[in-house]
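The lines below spell out each chain.
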Amino acid sequence: MHPDLIMSNGENVALADVPVLDLESLRTFLVGEARGGGRLAILCGIPGNSPDRLTILAVVARDGAGILRPVLSEVGERYPALTPDLPQAHLFEREMAERFGITPVGHPRRNPVRYTVPGALDPAAPARARPLPGDTDFFRVDGEEVHEVAVGPIHAGIIEPGHFRFQCHGETVFHLEIALGYQHRGIEAALTGPLSQGGRGFGRVPHLMATAAGDTTIGHTLAWCGVVESLSGTRPPERAGLLRLIALELERLANHTGDLGALAGDVAYLPTLSFCGRLRGDFLNMTALVCGNRFGRGLAVPGGTGFDADGHRLAELRGRFEATMRDVEGAADLLFETPSVRARFERTGEVSRETATALGLVGPAARACGIARDVRVDHPCGMYGRIRARTSTWPSGDVFARANVRRLEIRESARLIRTALDALTALPEGGIQADGPPWPRPMRPESLAVSLVEGWRGEICHVAATGPDGRITFYKITDPSFHNWEGLAMALRGLAISDFPLCNKSFNLSYCGHDL
Amino acid sequence: MLRAVLERLRQKRRTVPFPAEPPSLPDRLRGLPVIDAAKCPADCRHNPPCAAACPMGAILPGLGTAGTPAIDLGKCLFCTDCTAVCPSGALTFGRDHRLAVRRREHLLFRGEGLKLAEALEKRTRRLFGRSLKLRQVSAGGCNACEADLNVLTTIVFDLGRFGIEFVASPRHADGIMVTGPVTENMRVALLKCYEATPEPRIVIASGSCAVSGGPFAGMPESHDGVDALVPVDLYIPGCPPHPITALDGMLRLLGRI
Chain A
1 MHPDLIMSNG ENVALADVPV LDLESLRTFL VGEARGGGRL AILCGIPGNS PDRLTILAVV
61 ARDGAGILRP VLSEVGERYP ALTPDLPQAH LFEREMAERF GITPVGHPRR NPVRYTVPGA
121 LDPAAPARAR PLPGDTDFFR VDGEEVHEVA VGPIHAGIIE PGHFRFQCHG ETVFHLEIAL
181 GYQHRGIEAA LTGPLSQGGR GFGRVPHLMA TAAGDTTIGH TLAWCGVVES LSGTRPPERA
241 GLLRLIALEL ERLANHTGDL GALAGDVAYL PTLSFCGRLR GDFLNMTALV CGNRFGRGLA
301 VPGGTGFDAD GHRLAELRGR FEATMRDVEG AADLLFETPS VRARFERTGE VSRETATALG
361 LVGPAARACG IARDVRVDHP CGMYGRIRAR TSTWPSGDVF ARANVRRLEI RESARLIRTA
421 LDALTALPEG GIQADGPPWP RPMRPESLAV SLVEGWRGEI CHVAATGPDG RITFYKITDP
481 SFHNWEGLAM ALRGLAISDF PLCNKSFNLS YCGHDL
Chain B
1 MLRAVLERLR QKRRTVPFPA EPPSLPDRLR GLPVIDAAKC PADCRHNPPC AAACPMGAIL
61 PGLGTAGTPA IDLGKCLFCT DCTAVCPSGA LTFGRDHRLA VRRREHLLFR GEGLKLAEAL
121 EKRTRRLFGR SLKLRQVSAG GCNACEADLN VLTTIVFDLG RFGIEFVASP RHADGIMVTG
181 PVTENMRVAL LKCYEATPEP RIVIASGSCA VSGGPFAGMP ESHDGVDALV PVDLYIPGCP
241 PHPITALDGM LRLLGRI
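Protein sequences, first through last, are from chains A and B.
The numbering used here applies: residue 1 is where the first sequence begins, and numbers increase by one.
The numbering used here applies: residue 1 is where the second sequence begins, and numbers increase by one.
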């Protein structure tokens with residue numbers, strides 16, 4: 001059977017309409033989609049009542065066609081793993097194994113993902129011991145001159161924790177294995193629990209979204225708003241849509257600018273490091289100009305935005321924006337025109353297009369391998385349907401490509417913001433909240449919603465399902481970092497270990513977004 | 001080289017004159033809350049909607065001055081849920097960035113007289129007053145607190161001019177600055193880092209998570225803040241704290257403000 005249900009970003013479908021495949025049909029379907037340009041946006045288990053079967057959900061994104069294809073299937077306590085046929089499923093299957101106590105037979109690595117209390121399908125099953133974080137059998141290379149290097153969880157800078165285990169021969173890295181989970185806060189469990197109620201309707205959920213990955217507050221909050229608005233049939237007004245677009249692009253600008261500075265720092269090019277350190281903050285201050293918080297906390301809310309900007313504030317924003325953009329261009333020009341920088345960036349940490357496709361990389365990491373993949377372009381939602389973004393790619397797959405894609409995206413974000421500011425200035429003031437009853441509004445029962453947002457690191461995917469009473473009973477978050485950490489590991493192969501900081505920074509992935 | 005120099009001239013000096021001059025802050029900054037007792041309706045006080053709206057339970061009815069609600073700034077995420085439902089506009093956020101205190105109980109803000117952080121005791125102040133090396137530990141922080149501590153080391157705030165520096169090892173540090181609610185998976189690493197810091201050492205909890213667990217308070221993977229595990233010398237509230245708020249707290253601790 002070939003599933004024929006298609007949906008688009010920000011839509012919802014009745015759960016009963018989602019095709020159900022047996023596991024082998026699912027495998028055939030997913031492998032076929034991957035060959036035909038599709039990829040796994042998410043693969044996850046849906047908690048149910050069966051003590052020996054688990055319902056699993058896969059959402060395939062076909063970027064070229066702009067469609068999403070959800071399918072359901074079922075696995076038992078042991079099932080033949082999908083990963084050998086579909087490498088991009090590897091971390092999803094590990095996550096399901098950890099959460100539900102199932103065994104993907106034939107999966108090459110079955111280490112925990114978040115090192116939390118191991119789950120079980122059968123609630124009556126005896127509890128298993130919680131593993132110590134990072135305590136696992138790392139992949140080891142044997143040989144007389146092979147040695148292991150362990151780094152973390154606490155790193156040298158002001159960075160989130162994670163553990164890196166290198167297998168080295170002299171300076172050369174044969175293999176890097178990344179063990180995360182230190183940042184696991186149990187966010188997903190809380191999203192459908194008692195903490196998701198009360199307060200002004202959503203309990204702590206807005207704050208859990210804002211802190212899922214704090215540097216992506218706008219991205220994750222918008223993905224959640226997309227889910228809630230889809231299920232409640234709410235359309236945010238145009239003014240709010242434009243403010244949201246500006247906020248999301250400012251978030252991208254702040255982080256891309258900061259990354260260019262940090263990359264400069266890692267190759268000891270201090271002028272751009274110094275300039276970008278300041279400029280990143282200037283973008284954060286523009287977000288604070290709109291909502292009072294540098295990370296955009298409280299700016300996007302279901303139905304619209306929590307803050308408006310009048311003509312005077314917009315003029316102030318535009319003035320600051322143009323001045324900052326001039327300095328960002330200057331700082332980036334210096335970086336890219338300095339031969340010693342180019343020498344360190346080029347051919348360092350290469351990831352091939354084939355590897356990136358097989359692993360299902362997203363965001364700048366994928367676009368730096370020449371893959372044109374951008375939610376804003378492929379699955380436009382909200383104002384991106386009207387103010388069309390252009391994908392920025394670079395083919396070389398190295399640190400230079402990842403830096404250059406950021407530089408190109410900085411220019412593209414600037415163009416989008418200017419267009420949005422023009423549109424916003426022409427609009428009558430007021431109207432930042434959709435009309436309707438107070439939140440939480442009734443939501444469509446027994447439905448599945450998928451919301452994708454192109455955060456600055458790549459595709460953010462939120463999936464939710466409602467029960468018979470219209471309450472959200474299932475919620476799943478995939479941060480772009482979940483797809484991309486393995487890309488970093490692959491980039492390190494054959495590289496000198498001293499290039500790790502530079503390479504790591506060129507990906508700049510989220511620990512807490514992965515760990516949730 | 002010449003281009004780098006020209007660009008440097010064009011981008012100008014950017015270090016803020018704080019603390020010699022008051023900081024420049026956004027007009028919508030959500031700083032120290034303002035509770036206007038005159039506007040706070042008497043019939044509202046026994047069951048105030050602001051307390052019901054707060055998802056963190058940070059608003060405590062009747063504990064403020066003249067029977068107004070008090071706010072636990074350690075739990076407060078400085079969102080707008082309470083101000084949005086206040087029927088009389090008595091509860092608002094002010095622009096006062098000064099929030100850091102020395103003791104957890106000082107964060108119970110009754111509407112006036114927040115007891116801001118005092119300087120360290122004589123001996124530790126003599127040791128650390130002119131040179132304070134800190135090891136930063138993120139223990140479940142969402143990277144917002146981390147990013148806004150990192151920004152203190154940029155040319156804008158130039159932390160080094162105060163003799164404060166973030167160092168790469170606890171062995172080189174005079175104290176640790178912790179962000180995040182302390183996840184169970186970071187508990188051991190945090191304790192080891194603390195033990196590895198030579199005495200006398202100080203501990204700074206930066207951000208709502210590190211102070212009280214923040215949005216993760218009471219959740220099974222969270223230890224609800226740093227002081228559940230090690231004694232804390234400075235509490236900096238905020239989600240995340242504005243860099244100026246954190247800097248203000250550190251300078252107060254060193255007796256520089």
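Just so you know, the hints here were simulated from the structure itself, not pulled from any lab data.
Source: prediction; values computed, not measured.
Some clues are possibly wrong.
With a Cα cut of at most 20 angstroms, we get these calculated EDC-like pairs of lysine to aspartate or glutamate [stated by the list, open to error]:
1. Lys12/B / Glu322/A
2. Lys12/B / Glu329/A
3. Lys12/B / Asp135/A
4. Lys115/B / Asp96/B
5. Lys133/B / Asp158/B
6. Lys133/B / Glu199/B
7. Lys133/B / Glu121/B
8. Lys122/B / Glu112/B
9. Lys12/B / Asp333/A
10. Lys133/B / Glu195/B
11. Lys133/B / Asp233/B
12. Lys192/B / Asp224/B
13. Lys192/B / Asp333/A
14. Lys115/B / Asp36/B
15. Lys39/B / Glu112/B
16. Lys115/B / Asp233/B
17. Lys12/B / Asp158/B
18. Lys12/B / Asp327/A
For each hint, the structure was consulted:
1. Lys12/B / Glu322/A: holds, 16 angstroms
2. Lys12/B / Glu329/A: holds, 15 angstroms
3. Lys12/B / Asp135/A: violated, 49 angstroms
4. Lys115/B / Asp96/B: Holds: Lys115/B and Asp96/B sit about 14 angstroms apart, inside 20 angstroms.
5. Lys133/B / Asp158/B: holds, 14 angstroms
6. Lys133/B / Glu199/B: holds, 13 angstroms
7. Lys133/B / Glu121/B: Holds - the C-alpha atoms of Glu121/B and Lys133/B are around 17 angstroms apart, at most 20 angstroms.
8. Lys122/B / Glu112/B: violated, 28 angstroms
9. Lys12/B / Asp333/A: Within the cut-off at roughly 17 angstroms; holds.
10. Lys133/B / Glu195/B: Distance ~16 angstroms between Lys133/B and Glu195/B Cα, so the pair holds.
11. Lys133/B / Asp233/B: Status holds; Cα separation ~15 angstroms.
12. Lys192/B / Asp224/B: holds, 18 angstroms
13. Lys192/B / Asp333/A: Not satisfied, since the Cα-Cα distance of roughly 44 angstroms exceeds 20 angstroms.
14. Lys115/B / Asp36/B: holds, 19 angstroms
15. Lys39/B / Glu112/B: holds, 15 angstroms
16. Lys115/B / Asp233/B: Cα-Cα ~14 angstroms, so holds.
17. Lys12/B / Asp158/B: holds, 15 angstroms
18. Lys12/B / Asp327/A: holds, 10 angstroms
In this structure, the hints that do not hold are numbers 3, 8 and 13, in rising order.
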